[in-house]
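Sequences and hints are given; from them, build the entire structure.
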Amino acid sequence: MSVDTVSLTGWGRTAPTTAVRFRPRGDEEAAAVVRGRGPRGVIARGLGRSPGDAAQNAGGSVLDLSGLARIGGVDATAGVVRCDAGVSLERLLRVLLPLGWLPPVLPGTGRVTVGGAIASDLPGLDHRRAGSFTRHVSALELLTADGEVRTVLPGTTLFDATAGGLGLTGVVLGATLRLRRVTTGLMAVSTERAGDLDDLLARLTAGGDRLPYASAWVDLMARGRATGRGVLTRGEHATPDMRPAHAGRTRLSRRPGAAPGRSLLPGLPPLPGGLLGPAAALCNEVRYRGTPRARTGELRPVPAFFHASDALPDVRPLYGRGGLVRYRFTVGYGQEETLHRVVRRIAARRSPAVRAVLQRFGAADPGLLSFAAPGWSLELDLPAALPGLALFLDGVDEEVAAAGGRVCLAKDSRMRPETAAAMYPRLAEFRELRARLDPTGAFRSDLSRRLGL
Amino acid sequence: MKDAFGAPQSLLVLGGTSEIALATARRLIALRTRRVWLAGRPSPALDAAAAELRGRGADVHTVDFDALDSASHEATLGKVFAEGDIDVVLMAFGVLGDQARDEEEPMAAVRVAQTNYTGAVSAGLVCAGALQAQGHGSLVVLSSVAGERARRADFIYGSSKAGLDAFAQGLGDALQGTGVQVMVVRPGFVRTRATAGLPEQPLATGPEEVAAAIVTGLRRRSETVWVPGSLRVVMAALRHMPRPLFRRLPL
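For the protein sequence lines, the chains are W and E, in the order given.
If you read the first sequence in our numbering, its first letter stands for residue 1, the second for the next number, and so on.
If you read the second sequence in our numbering, its first letter stands for residue 1, the second for the next number, and so on.
Derived from the structure by calculation, the hints contain no laboratory data.
Treat the hints with care, as some may be off.
Stated by the list, open to error - Partial selection, computed: residues in chain E whose CB lies under 8 Å from chain W: (1) Met1; (2) Lys2; (3) Asp3; (4) Ala7; (5) Arg32; (6) Asp85; (7) Gln134; (8) Gly135; (9) His136; (10) Gly177; (11) Gly179; (12) Arg220.
All figures in this text were calculated on a predicted structure; none of them were measured in a lab.
From the three backbone atoms N, C-alpha and C, an ideal C-beta is built for every residue, glycine too.
As structure tokens, then:
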């Protein structure tokens, strides 16, 4: 097991803290770290894609599980896989697709580990149909504060606390997942442009569930009548008869060429701060105008549909030295006015917002701190160095909370503890369970200290 | 814990009645700070400062701290850190002295040096050790442009700040990679109680400007902050000026 002292941040590169990082080679070594933890506790970490401080533990131990990545026992008839927590969804997809199966939930990036997906109870692009990630977990192995490994089954309190529990109930070492059957490795994709936010919401609603996967990009820099315009992308798994003749060889497998896990383009240089705004506006304009008004039935490989952003170069240098803040919130159906107000406020600020994803969520999952709830979800990235952003986002928090919505804890890096408690009414229950299971506070993170989880 | 914008949730002020420190505390309370420790010699002024900050919604405690009693620093400050993480330590204690009198009375001059330098060395090291153990945090050291180049008019004070400044820079280098930030703040002439009655110098600022610069520096994770920023250029020129010429300047 390798051990080193490192300064860690989330993917957003804000608030660095130092911890001792352990990279166990097996479950036994991981258990030894948890048993021998110091007074400042331990937290699990995967690929470090969480934008905030959920996988940091200042002055304590961080258990890097990216090395525990065996995929064991794919049951290709029943569609069940047992895998280690450190397996990335990207790799799982690569292994399973040729067998005719898919990971149950695919978020916008494949660089998330199974453990991370459980700890943040990730919603995918078809949340309305499939729910969040842990809905498809039939069992998980949890390393608890006493250093023992327990098998946790759905329906138990410990399972509900661990699903979306941000690693604070223990270290997920492995899980058994129920998979999704597919007949081709292609997606039939339709793209349409919406002139403003109302149009976008209407189009998102109108399609119903005929095309299960749906998300929209919102141009948060467009103002006036175009405020909230965007591009809606929807897809379904292509059936064999939808495949064009030339796609025959790509059935259930990736096209050769694109090496998995690595961008084909070089990294981006940092951009001078003053150029960021105009460059972002131009980028959004090109993206909007460059999309056809409506296009249906386009075939794309599964990885390209779900994980298109993984093929792009690392955009973080563009956000400057201060790093980036990812803000993700959800408000219920009927609260569209709040969504409108937030979008208008961001547009009025003229913040350089390039990435903004709008989704619809379906029924909530039983996870005590699960994020997804029926309604609209908007996720956006902003440079942390923007003047006044801290107070601005506090204001948005208040609006979201007043509408009964919530901000995603797994992505958060800046919320007030009071706001978090107001948004997550089951937090008290979660705290109580933690106090009972883990009285010495073995599992801690910067996030848990910051928000008092 | 600090948030993504560097706003701390807990603050320890050494020199709890300092106007710059209190202005900074007010700004930080408006952002995220909820727990504040004001360390200083017990006095009605310290209690009043605590009461004022409490009125702004913070949970404020005072702690007896005497910069001149270096031997007690470890025990006093250790108790504060034992109560929970401290995200920002603001070292704001210091005395200006009275140059004319201090030149006559060496012991008075020594007192300036002991407060501004020796006291900061012991308190700074204790805090740095505690911050390093918790793996995060910022140590903000209020230095002065007076430490950048000694002037005839206040070289006793200036030399103590020069020592403090060099100490803080070295400490910052030593803590590189430990997650702890040391930020040296070099204000010019600041209009406070201590400087009341003194002739105002060019580029003078108030405590609010210094506080704003500190908050910005925390957000940017800066190593050095000049207040006002233009002093960086002015002092770069003055630092390299030949002494015969420097002596003749009306500073």
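Cross-check of the supplied hints:
1. Met1: With a closest approach of 4 Å, the E:Met1 hint holds.
2. Lys2: Where the cut-off is 8 Å and the nearest Cβ of chain W is about 5 Å from E:Lys2, the hint holds.
3. Asp3: Holds. Min distance 4 Å.
4. Ala7: 6 Å, holds
5. Arg32: 7 Å, holds
6. Asp85: Check passed: Cβ of E:Asp85 comes within 7 Å of chain W, closer than 8 Å.
7. Gln134: 4 Å, holds
8. Gly135: 3 Å, holds
9. His136: 4 Å, holds
10. Gly177: 6 Å, holds
11. Gly179: 3 Å, holds
12. Arg220: Where the cut-off is 8 Å and the nearest Cβ of chain W is about 7 Å from E:Arg220, the hint holds.
Violated hints: none; the structure is consistent with every hint.
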